[in-house]
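Given chain U, put chain F in place with the hints provided.
There are 2 protein chains.
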Amino acid sequence: MPISGFPEWLPAQRMIEQRVLDRIRTTFELYGFAPLETRSVEPLDTLLSKGETSKEVYLLRRLQADENAKDDDQLGLHFDLTVPFARFVGENAGKLQFPFKRYQIQKVWRGERPQEGRYREFLQADIDVVNRETLPFHYDTEMPLVIGDALSGLPIPAVRIQVNNRKVCEGFYRGLGLEDTAQVLRTVDKLDKIGPAKVAALLIETAGATQAQADACLELAAISSEDGSFVDAVRKLGVSDPLLDEGLDELVRVVETAREHAPGLVVAELKIARGLDYYTGTVYETQLEGYERFGSICSGGRYDNLASTGKEKFPGVGISIGVTRLLGLLFGHDALKVSRSVPTAVLVAVPSEQERTACDRIAGALRKRGIPTEVAPTAAKFGKQIQYADRRGIPYVWFPGENDTVKDIRSGEQVDADATTWQPPVADLSPEVTAG
Amino acid sequence: MPISGFPEWLPAQRMIEQRVLDRIRTTFELYGFAPLETRSVEPLDTLLSKGETSKEVYLLRRLQADENAKDDDQLGLHFDLTVPFARFVGENAGKLQFPFKRYQIQKVWRGERPQEGRYREFLQADIDVVNRETLPFHYDTEMPLVIGDALSGLPIPAVRIQVNNRKVCEGFYRGLGLEDTAQVLRTVDKLDKIGPAKVAALLIETAGATQAQADACLELAAISSEDGSFVDAVRKLGVSDPLLDEGLDELVRVVETAREHAPGLVVAELKIARGLDYYTGTVYETQLEGYERFGSICSGGRYDNLASTGKEKFPGVGISIGVTRLLGLLFGHDALKVSRSVPTAVLVAVPSEQERTACDRIAGALRKRGIPTEVAPTAAKFGKQIQYADRRGIPYVWFPGENDTVKDIRSGEQVDADATTWQPPVADLSPEVTAG
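Residue numbers (the numbering used here), protein chains in the order written: chain U, 1 to 436; chain F, 1 to 436.
Hint data in this document are derived by calculation from the structure and do not stem from the laboratory.
Everything numeric in this text was worked out from a predicted model, so none of it was measured.
Treat the hints loosely; a few may be bogus.
Intra- or inter-copy, both count: the list cannot distinguish identical chains.
Said to hold, decoys possible - Simulated crosslink set (DSBU-like; lysine-lysine; CA at most 30 Å straight-line): (1) Lys107 / Lys190; (2) Lys107 / Lys95; (3) Lys337 / Lys368; (4) Lys311 / Lys95; (5) Lys107 / Lys384; (6) Lys190 / Lys311; (7) Lys337 / Lys271; (8) Lys271 / Lys236; (9) Lys198 / Lys337; (10) Lys381 / Lys95; (11) Lys381 / Lys311; (12) Lys95 / Lys337; (13) Lys313 / Lys381; (14) Lys313 / Lys384; (15) Lys107 / Lys198; (16) Lys368 / Lys198; (17) Lys193 / Lys236; (18) Lys313 / Lys236; (19) Lys337 / Lys107; (20) Lys193 / Lys311.
Here chain U stands alone, though its shape is the one from the complex (with noise of 0.2 Å):
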């Protein structure tokens, strides 16, 4: 029985989530992201340091467990990869070079209540850098760099990722004259999902606002740009701040960098606040056109004192894409299709079962070229065995005899081959994913 938010997909998505993650992969190493695994449980005080989410751990207990031993009661399944990654940086410093880029592409659970694009067990695909004490900010701007190559090469929407940066907030928040900057936050992060006038009502009675201030907060919060032009509008405001002029400053970097190298990729959105407590700075999210209700499908930010061994810290900036959660949105409505539900590109089909060990030579001299290829399950009817090929997607059949000769099923063309030298056009050899 299927077991609410633990997703499975069939074969055939499940090729489509390969070729995406392939894609993903692809683009990490293209800049240079080292890739990866951190085991999949934490000791529960690493997973509980970082706040806010003690009640979505799933612990790990051995059915056998003796009454006494209490060690494995207190491990954990990872609920992201930043945690367990800014603990892999501590334990292993001595043995790493930095900046330390690194991606990495594993499950996590968390033990939520399921609800639509929310999963109890689900893929993300993460980048980061760390480095000793001071991260130079450029990094900041590569990010969604990274993701917009990595999502443009796919047939999916269009991605926006939005951009915004803590101290801008925080630093208008106090230049305003609010203390608790973190209580704002948190309650302009509710914009969204209640509107503006219970936003303001909620900034007045919880983080001590005039009318007025919570205005200010909500026509921060309602500045948007492609451009650096959102620091006149926010320049309008009349607040002024130290950290807000440096977050004015480091966003427009990101935006200008983006406008530079992919135009339309990256918006500035001053509503943008993320909910985890451990950033510091730049903050991203992303939408995917069309699908916008949804939520963010690749999120992450500047977190400056996650990671540190006491001695030294580890400021870093990532971001991290949901593939369960984006995948489950495409296939959900049904946007993504793949052209066969196996790999094979050729069946060799088999006249006799005493002409078997000649077929598995054929099909080894197609594999050896690298063409994915069956031999037929059983010496059955011809007609039988093309079906075999036709029901799975298979686009050749391959017919051994004096003169081996090679079908296209599609067209119904059949030529002469040889298996030591014929080859399928490139996109016949593996699967091709196509938008639905």
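Here is chain F on its own, set in the frame of chain U:
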């Protein structure tokens, strides 16, 4: 802190692991196996339904679980990929094409006491074929060929696949007059651990064997051959039984098919039994040359009764590469190395921060043609930027200028270059993995 039994590789080792996984996956796809990934958890009763493994299961519990809600308590992490696959086939039979060939590369978990070569979290790479009602025997002959192909393309020691057939053993024991063939099998399985004298004593004590019967069982277990000659050796023991005949015929087919397509890969080894109870015919184990004492790195067999929907049954045959076990052994003996610790082939040096945008443009042009490229983290002195490349094993440093140049920092050779046309040798495009 490291957690015993939950291994983590450094990025350079992870690159080696990925090279191994790419080769395995490519080979599986060349043989027409379709990808599948199942969820990491199964209901506890599914996990326990196949016997013998209850001690090893990790159960999940939500940290904030309601004491009264027991549902989550009944989920456990899978301990292999065969049991989840059988469950998936039964559940999705109506959506799959049979015979169904799938591969599955995933982590599995066992709450065992960790020791060398035994992990609590490890990666398996499985292939299986299942069919409705009956599965042609030739799939049993294909399994070792796929594994041989996958592993022979890697810079690792040669493998030797040892094959046996439970029908041979059970038929022989029955033909000898021994009734509890399962108990005999389990006892003979201890041969390598406790030696022939103790096995004989145990057979007499626990399986009701006479000294002569025990000796005959040991004589059978001592038979081994790289061709069909083991049949004569068995016949000489003077036992006859229809199941024995069937098993010998099957085993000959596996050995002779392998001799035809991959000489030296497979050996009939009549002591091989496999611990898990669900195998009903062919069984496989695999030794790595020079690492025989560490046990099998790739095992499997035929199972006629694992998957069913109640109405229908789905016999299958499969084999599983213990990827973590294999790599753990080789890493532990420094037997694999990689030419660099990052995917990067080119580092673009940054003359000054003002020129970073131009450097990014050069990197973009190189990446567009598939050349993994990083831009230096800071506009430090060139000596320090070259050191950045050298420490990571990045072979080329690119110097922007009126005329760009690129330097092979291994040879010191520096040449004029254009980012839209320059191409490194193919061997430098990605890190090279070699035997250590």
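Consistency of the hints with the structure:
{"no.": "1", "hint": "Lys107 / Lys190", "result": "within (28 Å within a copy, 38 Å between copies)"}
{"no.": "2", "hint": "Lys107 / Lys95", "result": "both (25 Å within a copy, 25 Å between copies)"}
{"no.": "3", "hint": "Lys337 / Lys368", "result": "both (29 Å within a copy, 26 Å between copies)"}
{"no.": "4", "hint": "Lys311 / Lys95", "result": "within (16 Å within a copy, 56 Å between copies)"}
{"no.": "5", "hint": "Lys107 / Lys384", "result": "neither (40 Å within a copy, 38 Å between copies)"}
{"no.": "6", "hint": "Lys190 / Lys311", "result": "neither (37 Å within a copy, 52 Å between copies)"}
{"no.": "7", "hint": "Lys337 / Lys271", "result": "neither (35 Å within a copy, 48 Å between copies)"}
{"no.": "8", "hint": "Lys271 / Lys236", "result": "within (17 Å within a copy, 84 Å between copies)"}
{"no.": "9", "hint": "Lys198 / Lys337", "result": "neither (43 Å within a copy, 60 Å between copies)"}
{"no.": "10", "hint": "Lys381 / Lys95", "result": "between (62 Å within a copy, 24 Å between copies)"}
{"no.": "11", "hint": "Lys381 / Lys311", "result": "between (74 Å within a copy, 28 Å between copies)"}
{"no.": "12", "hint": "Lys95 / Lys337", "result": "between (43 Å within a copy, 16 Å between copies)"}
{"no.": "13", "hint": "Lys313 / Lys381", "result": "between (70 Å within a copy, 25 Å between copies)"}
{"no.": "14", "hint": "Lys313 / Lys384", "result": "between (66 Å within a copy, 22 Å between copies)"}
{"no.": "15", "hint": "Lys107 / Lys198", "result": "neither (37 Å within a copy, 46 Å between copies)"}
{"no.": "16", "hint": "Lys368 / Lys198", "result": "neither (66 Å within a copy, 48 Å between copies)"}
{"no.": "17", "hint": "Lys193 / Lys236", "result": "within (27 Å within a copy, 81 Å between copies)"}
{"no.": "18", "hint": "Lys313 / Lys236", "result": "neither (37 Å within a copy, 73 Å between copies)"}
{"no.": "19", "hint": "Lys337 / Lys107", "result": "both (23 Å within a copy, 27 Å between copies)"}
{"no.": "20", "hint": "Lys193 / Lys311", "result": "neither (41 Å within a copy, 49 Å between copies)"}
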